[in-house]
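Chemist: Line by line, the protein sequences give chains B and U. Taking this note's numbering, I'd label the letters of the first sequence as residues 54 to 275. Taking this note's numbering, I'd label the letters of the second sequence as residues 2 to 218.
These are calculated hints, taken from the structure and not from any lab test. Quick caveat, the model's predicted, so the values are computed rather than measured. Every residue gets a Cβ at the ideal spot worked out from N, C-alpha and C, and that includes glycine. Among the hints, a few may not be true.
Stated by the list, open to error - The list that follows gives simulated cross-link-like pairs (lysine-lysine, DSSO-like), each with its CA atoms no further than 27 Å apart: (1) B/Lys193 / U/Lys62; (2) B/Lys184 / U/Lys157; (3) B/Lys271 / B/Lys116; (4) U/Lys156 / U/Lys60; (5) U/Lys62 / B/Lys271; (6) B/Lys69 / B/Lys96; (7) U/Lys138 / B/Lys198.
What the hints assert, rightly or not - Selected chain B positions facing chain U (Cβ under 8 Å, derived; list incomplete): (8) Ile58; (9) Met59; (10) Phe79; (11) Gly138; (12) Arg161; (13) Val179; (14) Pro272.
Residues per chain, in single letters:
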Amino acid sequence: MKNKIMTVEEAIAPIKDGAVVMVGGFMGTGTPEILIDALVDKKVKDLTIICNDSCYPGRGVSKLIAEKQVKTLIASHVGLNPETGKQMSEGIMEVELVPQGTLAERIRAGGAGLGGFLTRTGVGTVVQEGKQVIEVDGDKYLLEKPLAADFAFIRASIIDKKGNVYYHESTRNFNTIMATAANTVIAATEKLVEVGEMDPNIVMTPHIFVDYIVEGEKPWQI
Amino acid sequence: MADIKHFIAKRVAKELKDGDVVNLGIGLPTLVADYIPSDYDVTFQSENGFVGIGPAPEKGKEDVDLINAGAQYVSVKPGSAFFDSAVSFGIIRGGHVDATVLGALQVDEEGNLANWIIPGVMVPGMGGAMDLVSGAKKVIIAMQHTNKGKHKILKKCTLPLTAEKEVDLIVTEMGVIEVMPFGLLLKEINTDYSVEQVVEATEADIMISSNLKPMMK
Numbered sequence: 054m055k056n057k058i059m060t061v062e063e064a065i066a067p068i069k070d071g072a073v074v075m076v077g078g079f080m081g082t083g084t085p086e087i088l089i090d091a092l093v094d095k096k097v098k099d100l101t102i103i104c105n106d107s108c109y110p111g112r113g114v115s116k117l118i119a120e121k122q123v124k125t126l127i128a129s130h131v132g133l134n135p136e137t138g139k140q141m142s143e144g145i146m147e148v149e150l151v152p153q154g155t156l157a158e159r160i161r162a163g164g165a166g167l168g169g170f171l172t173r174t175g176v177g178t179v180v181q182e183g184k185q186v187i188e189v190d191g192d193k194y195l196l197e198k199p200l201a202a203d204f205a206f207i208r209a210s211i212i213d214k215k216g217n218v219y220y221h222e223s224t225r226n227f228n229t230i231m232a233t234a235a236n237t238v239i240a241a242t243e244k245l246v247e248v249g250e251m252d253p254n255i256v257m258t259p260h261i262f263v264d265y266i267v268e269g270e271k272p273w274q275i
Numbered sequence: 002m003a004d005i006k007h008f009i010a011k012r013v014a015k016e017l018k019d020g021d022v023v024n025l026g027i028g029l030p031t032l033v034a035d036y037i038p039s040d041y042d043v044t045f046q047s048e049n050g051f052v053g054i055g056p057a058p059e060k061g062k063e064d065v066d067l068i069n070a071g072a073q074y075v076s077v078k079p080g081s082a083f084f085d086s087a088v089s090f091g092i093i094r095g096g097h098v099d100a101t102v103l104g105a106l107q108v109d110e111e112g113n114l115a116n117w118i119i120p121g122v123m124v125p126g127m128g129g130a131m132d133l134v135s136g137a138k139k140v141i142i143a144m145q146h147t148n149k150g151k152h153k154i155l156k157k158c159t160l161p162l163t164a165e166k167e168v169d170l171i172v173t174e175m176g177v178i179e180v181m182p183f184g185l186l187l188k189e190i191n192t193d194y195s196v197e198q199v200v201e202a203t204e205a206d207i208m209i210s211s212n213l214k215p216m217m218k
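Just chain B, same shape as in the assembly (with noise of 0.2 Å):
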């Protein structure tokens, strides 16, 4: 069985400046605190980040765009970290906003080989801008691309030494969907199991989405 369990360091080791980075969470709940900890570090600049939110200060994504390490957010939400809005109306960082369930399935079409799909969500908004507009039995819709990622980095509450994860709770969110839409994807957990001590029915992401394992992650705070 090949050896997934790694430093946080060499973990990150692969991602240069420039790199596409998916990051699960929602409000920093289910985000993997330690990977973005070590992104930091790490000093990787003009990323582009695709997350549910730009979290509040002090907190998952935040902790990269307070470095303007950010070149490109792509998010449903920014309202609750200032900064967010600070680096956009100063053009330091281009925001993409997208409606949440959008992304969502922008995320779950690029992992799962689809072209797209078609969603009335944004009809008639600001969304619509630039986007083919297919009618369907009479209804309008959007036409949606998929979106996919160079890396991943995926919150687990156990995971066993195969790659198997489970999540807790509201942790889930996005990373289910992160897992399965990025070349590499990296999970970082509360818990490592040995392989058969988890039950195969309580899987949510199985093994093979997952590359990389790093051990560290805390039941953080609001």
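Chain U: place on chain B using the hints.
Modeler: Structure of chain U alone, referenced to chain B:
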């Protein structure tokens, strides 16, 4: 002010039926949960990935893995279920949410809604609002009738839209307004106000129901 919000929330709660799946926006809409009859089984969805939102936990008993879409610690009720964001928005877009209750910056007589951006002032992002308003079976706007006297119920929204022609009902401290194919219809009025006052506080043309009822106290 707090009284007004609770009054609106209490009236919105009457729109929900036993067995409904409901998504409440942040702010005033979250108060609606407090006014559901205790014998009703209403399931609240949290778009970050579960159904069955329970009350806020006691201080010191928060579960760090369990937050709602407003990033507050919550609990779950017996019978709740967790899922990922793709399933969560499949629930929303797929018409499996019976009603969503949201606030508004502006709403107009065609049922257009603006509630996610004030260009140059506030650019928080739409979060899940566009999906919710497009996908939920019934869209209820719960808000104060005006913004300190400035009209919010307009002939045509001037702010960027959240969704086109999706609003079904507007509940304010002054009354209950239904969005009909032919325009806005005042169905109930808070008897603290006159019809003239409601018309005055509404920029959009508003028709008065021939069966106008008093809004519950």
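Chemist: A separate judgement is required for each hint: does it hold in the structure or not?
Modeler: Against the structure, the hints come out as follows:
no.: 1; hint: B/Lys193 / U/Lys62; result: violated (47 Å)
no.: 2; hint: B/Lys184 / U/Lys157; result: holds (24 Å)
no.: 3; hint: B/Lys271 / B/Lys116; result: holds (17 Å)
no.: 4; hint: U/Lys156 / U/Lys60; result: violated (46 Å)
no.: 5; hint: U/Lys62 / B/Lys271; result: holds (17 Å)
no.: 6; hint: B/Lys69 / B/Lys96; result: holds (10 Å)
no.: 7; hint: U/Lys138 / B/Lys198; result: holds (26 Å)
no.: 8; hint: Ile58; result: violated (23 Å)
no.: 9; hint: Met59; result: violated (24 Å)
no.: 10; hint: Phe79; result: holds (4 Å)
no.: 11; hint: Gly138; result: holds (6 Å)
no.: 12; hint: Arg161; result: holds (5 Å)
no.: 13; hint: Val179; result: holds (5 Å)
no.: 14; hint: Pro272; result: holds (5 Å)
The structure shown violates the earlier hints numbered 1, 4, 8, 9.
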